[in-house]
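Please build the complex by placing chain B on the supplied structure of chain A, with the hints as guidance.
Protein sequence lines correspond, in order, to chains A and B. Residue numbering for the first sequence follows my numbering, beginning at -9 and increasing consecutively. Residue numbering for the second sequence follows my numbering, beginning at -9 and increasing consecutively.
Incorrect hints may have been included.
Just so you know, same-sequence chains aren't split out, so a pair can sit in one copy or run between any two.
[Unchecked claim] The calculated DSS-like cross-link candidates involving lysine-lysine, where the alpha carbons are at most 27 Å apart (straight line), are: (1) Lys163 <-> Lys360; (2) Lys334 <-> Lys283; (3) Lys482 <-> Lys426; (4) Lys258 <-> Lys334; (5) Lys283 <-> Lys307; (6) Lys360 <-> Lys426; (7) Lys495 <-> Lys426; (8) Lys482 <-> Lys492; (9) Lys426 <-> Lys520; (10) Lys482 <-> Lys520; (11) Lys474 <-> Lys495; (12) Lys258 <-> Lys283; (13) Lys474 <-> Lys515.
Just so you know, these hints were derived from the structure itself, not from any lab.
Listed below are the residues making up each chain.
2 protein chains.
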Amino acid sequence: MRGLMQDRPLLISSLIEYANQYHGDVELVSRSVEGPIHRYTYADAYKRSKQVANALAGFGVREGDRIGTLAWNTYRHFELYYGISGMGAVLHTINPRLFPDQITYIANHAEDRFIFTDLTFVPLLEQIADKLTSVEGYVVMTDEANMPETSLPNAVCYETLIGKQSADFDWPKLDESAASSLCYTSGTTGNPKGVMYSHRSTVLHSFAVCTIDGIGMSSHEVVMPVVPMFHANAWGTIYAAAMCGAKMVFPGAGMDGPSIYQLLDEEKVSLTLAVPTVWLGLLQHLRAESNKKLPYMQRVVIGGSAAPQSMIEAFEKDYDVQVIHAWGMTEMSPLGTTGNMRAKHAGRPYDEQIAVKVKQGRALYGVDLKIVDDDGNELPRDGVAFGRLLVRGPWITNGYFKGEGGDVLDADSWFDTGDVATLDPDGYMQITDRSKDVIKSGGEWISSIDLENDAVGHPAVQEAAVIGVAHPKWDERPLLLVIKQDGADVSKEELLEYMAGKVAKWQVPDDVVFVDELPHTATGKLLKTKLRDEYEGYRLPTA
Amino acid sequence: MRGLMQDRPLLISSLIEYANQYHGDVELVSRSVEGPIHRYTYADAYKRSKQVANALAGFGVREGDRIGTLAWNTYRHFELYYGISGMGAVLHTINPRLFPDQITYIANHAEDRFIFTDLTFVPLLEQIADKLTSVEGYVVMTDEANMPETSLPNAVCYETLIGKQSADFDWPKLDESAASSLCYTSGTTGNPKGVMYSHRSTVLHSFAVCTIDGIGMSSHEVVMPVVPMFHANAWGTIYAAAMCGAKMVFPGAGMDGPSIYQLLDEEKVSLTLAVPTVWLGLLQHLRAESNKKLPYMQRVVIGGSAAPQSMIEAFEKDYDVQVIHAWGMTEMSPLGTTGNMRAKHAGRPYDEQIAVKVKQGRALYGVDLKIVDDDGNELPRDGVAFGRLLVRGPWITNGYFKGEGGDVLDADSWFDTGDVATLDPDGYMQITDRSKDVIKSGGEWISSIDLENDAVGHPAVQEAAVIGVAHPKWDERPLLLVIKQDGADVSKEELLEYMAGKVAKWQVPDDVVFVDELPHTATGKLLKTKLRDEYEGYRLPTA
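The following block holds chain A by itself, in its conformation from the complex:
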């Protein structure tokens, strides 16, 4: 027996329709790529997103066609989010920080028909344009006055293009499972793989962001996504803000501490989101100029990689800004967990609270989590056992675009995150390692990340990497690779003694190698595959 409720699809167009109808006068403020601060409203963005849709229709773009963007967080990118997906095409946000070869691969794999680009990335595109086999034309996101000379074929100016369009456009009534947007993950191995979001997954994820136990975004918020719109939809803020009618502030290309601070202060931002590196820059700026405070900021979401305890404490103690530690993946739209306190934590000493806050948080309703051992057996949620982290839910991928990577779900629809984690009895999850980086020593798992964090605690260590190398008795044992601080010195023995004071004896690395550099991916992650290749035949002194 079916319920008798209206069968209305959950569509991205309904988000901007709602924002226009109920929050049409709310401001969207951008640091434009050209320089000046730009201000307009949801009502303006709504009209212009419909002009975008008409422009695409004029190009002959049809439902399901992919349209690339290489763009910062600005109002024009916001319009593309709604104009492209709203008209039924697929918004393909490309990470401009990838290597040119990767961008070429991605645009060709996605078969992007058009690419919208900020001025910043025109030279990059000019460099690869002759290799982009599906692209029919480029739209440079600026006005006539700032339009550059360019060798890009069929390049048009964004303002000129949309200025000619009508603001009347009837959003199509799509199936809610239709593809809406596409984002490639930059793995540490193999080619990037495309995650294809749907209208349904996007709207459901937005609801989760607007719940208090999610991110708690609301119409009373001034939200600044510093996390790029080319990183998993700026963690969903672009959609959630429209759902609740929050004022938005877009930082454009200005990701440095002073630029971020200026917008936080002048626009009275109450909620902002970014990776730890960005907040390191902000905190450094604030410490250098001690008269600067954060009186308007209420909450900061830190994700992308683990937030160090010192950063959480700096925001909470020095600036009275609540930290929400969050975890997710491109494959998860991206939010999986947020580190909101539970009611029972209220009033507990800060030392106890911080022990919870350094974890990555509790699952949002809609996200199932479990940890399993190598045989797939579920492990206890005791905060101690750690295993491979599996996830499941309506905003989690069921496979990559064009089937890359093959089947990614097990028989019960669980997706393997590639992370190793613990789950505690209160539901808080903590990532301990990547599953391919964990060191399997005599049937026990050792977290490479824990060892690295301990090692960098030594004053002479600038950066550390730990990998497992083969051992005749224990299968694998940890090897510590270290870059020393400039001018500092430390011996192998001193370091291992230092480590022995930090971890259980059997977890102490078997050897240390001092190096001048460590390999990284384009997005700054340690490239351990390369290290493992390099040290494949390494003979440990214990072997």
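Frame of chain A, contents of chain B only:
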């Protein structure tokens, strides 16, 4: 092109699964029907809801079968919400305040196979049991010690029944559009009509309740639904609380001021929901005992009928409790609008804020609203024009059970609420009348409710009703029917003169009739159909 996201259905069972997994230690506190306060946790409720599911399976209940409940707000009713819908049957909450004939009609129309009843309603059911043609048995929601002698056929004791069941039960993987629950509306005309909710509509509605711009329920809340669980799912709180892991307090049969106050105070309730009558009782109690305050209560949701300004001011000024004025219908799951302030209202003088708060609020994301004239033309959102209020959205009915009432949607899927309302430029909606009660005078509409509210402002008036009666020149003109206060007196001329000082001259009623009583429905609403019949041939002095 389809998105590549997991196709996981939105099911009610996932709500209690989540509450058990992440908030298993959170308390649910009930004033039991037997008397004592009962306390247990989501983990307990979870196990017992699975025992309910096993008991139903043992009865031979199958997916789609309707199971009736006649019950107060308690933990046992909570278990039925999840046990019945979770196992695929349809939870049919029956309003015990309806006339026995209506209850008989409803249970037969729904074809309820079993009825779960609180002790309170056993005598009522005994009175009608021989007319209930589909009911195979009754479950009395108590333990052996309190089990009454009863003439109900196949009556069993709830605790005995579920005590024998296993707490292992695999919730079926239903289609999210499957029927989950059923609630009949008690219209002022015709037989009650059944609204059939789905798992999908229920989960989507719960998300809306948990957003800050909805009701903002969270894991930090202690929520007490005073609104009955037989009234449109206690406005969705039963589901939303599990979604966010809020502590719940169930008032049982104690709906009077002192009983409500006791739980608010002892359980530190932060959020509570009910109709104005309940709050009138609470406020009277508080005024009588002036040492009593509401230190824990942060927000009160008032709906079901319009909250008087004096009540909003009493909560906000005297007790520092924020009022959320809400509007909805059984046909809307039920939430349509909530009267949360917008960011722009912050810091405005209270006089300006209260002018917004007396309205019924802004549409939640997911609910489309518009007002139209008699020809279906959309009217401006200027706060002045009023017209028939139409609604649309994924938790709004598309027709009543078994097709009663015929097609209820227009060609664009709009559902006519039967209300007449204004919409202002900020999106706030205000009900001005029921569409069948509005008086159509010379092409202009006059709100009967406005006139009634004005009339009861006169000290000599106890209750007032205004209906339209035929007029040869103006089609209809208002007639005011008045019950005088005990011992008070007022003449027709004095009353009309008083009214003339309140409304535009052309809106002043053409005549006044003093009466001893006015007819009401079982749920206390003025029965204007009966009044219109009674005064059909009434000759106005102006005719």
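Which of the numbered hints above does this structure break? none
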